[in-house]
Amino acid sequence: MTSETPPGLRERKKAATRQALHEAAVRLTLEHGLEKLTVEAIADEAFVSRRTFSNYFAGKEQALLHGDQVRIAALVDLFRARPADETPVTAFVRAAEEFAAVHPVDPVREGRYREVLRHPALGGAAAAVFAAGELELAEAIGLRLPAGPDRALRARFLAAVFLAVLRVAAKPVGDRERNLPDLTRQGLAIVGEEFG
Numbered sequence: 460m461t462s463e464t465p466p467g468l469r470e471r472k473k474a475a476t477r478q479a480l481h482e483a484a485v486r487l488t489l490e491h492g493l494e495k496l497t498v499e500a501i502a503d504e505a506f507v508s509r510r511t512f513s514n515y516f517a518g519k520e521q522a523l524l525h526g527d528q529v530r531i532a533a534l535v536d537l538f539r540a541r542p543a544d545e546t547p548v549t550a551f552v553r554a555a556e557e558f559a560a561v562h563p564v565d566p567v568r569e570g571r572y573r574e575v576l577r578h579p580a581l582g583g584a585a586a587a588v589f590a591a592g593e594l595e596l597a598e599a600i601g602l603r604l605p606a607g608p609d610r611a612l613r614a615r616f617l618a619a620v621f622l623a624v625l626r627v628a629a630k631p632v633g634d635r636e637r638n639l640p641d642l643t644r645q646g647l648a649i650v651g652e653e654f655g
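Numbering of the sequence shown is given in the numbering used here, commencing with residue 460 and proceeding in unit increments.
Keep in mind that the hints are not guaranteed to be accurate.
[Said to hold, decoys possible] Pairwise CB distance ranges, derived in the manner of DEER restraints:
no., residue 1, residue 2, range
1, Arg486, Ser508, 12 to 20 Å
2, Leu594, Glu470, 33 to 41 Å
3, Arg626, Glu652, 29 to 37 Å
4, Ala560, His491, 34 to 42 Å
Don't read these hints as lab results, they were simulated from the structure.
Just so you know, even glycine gets a beta-carbon here, dropped at the ideal spot from N, CA and C.
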């Protein structure tokens, strides 16, 4: 676990407002489509002012993608909190186990959210969210790798692979029940076999 102090009331209220705006954006997009989604509508749906919306998000795309941003940040925090003697792969799998235990997936809700994210207009914003998360994960991975001239590059490659495996593991495949840690382990093993 991390040694950070728990967030205070002000931070919790900010997080709740961000989450309310995110949920309002997703709900309105599912009901009316992304093309009709406006900042004003999101603010109204979340019972806040347009100015308040602007204090939290630069636009509707950021509000929609907030869920992924939060999940990636939580995973990176769990990875950082793993014991320093764990290899990057072990730390990542264990972080995925902790993540799955703390953030259980509601398949219906997740399916609706993924439906929203498939919209082509969100491609660039979604890529930016994952790129930022990848950089943070790479930084954390780099602390677990031996020193050397290629440490930063190796960390970036590992972060990209880890997050790609996790994205695939998090998506339903056929009728198979999703077990994020097991699928993450399986995905990393497949990558190791194919590229090892």
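### Query
Do Arg486 and Ser508 keep their Cβ atoms within the hinted range of 12 to 20 Å?
This hint holds: roughly 19 Å between Cβ atoms.
### Task
State, for the Cβ atoms of Ala560 and His491, whether the hinted interval 34 to 42 Å holds or is violated.
holds, 35 Å
### Query
Lying within 33 to 41 Å: is that true of the beta-carbon distance Leu594 to Glu470?
Between Leu594 and Glu470, where Cβ atoms are some 23 Å apart, the hint is violated.
### Query
So does Arg626 sit 29 to 37 Å from Glu652, Cβ to Cβ?
violated, 19 Å
Of the numbered hints stated above, those contradicted by the structure are hints 2 and 3, listed in ascending order.
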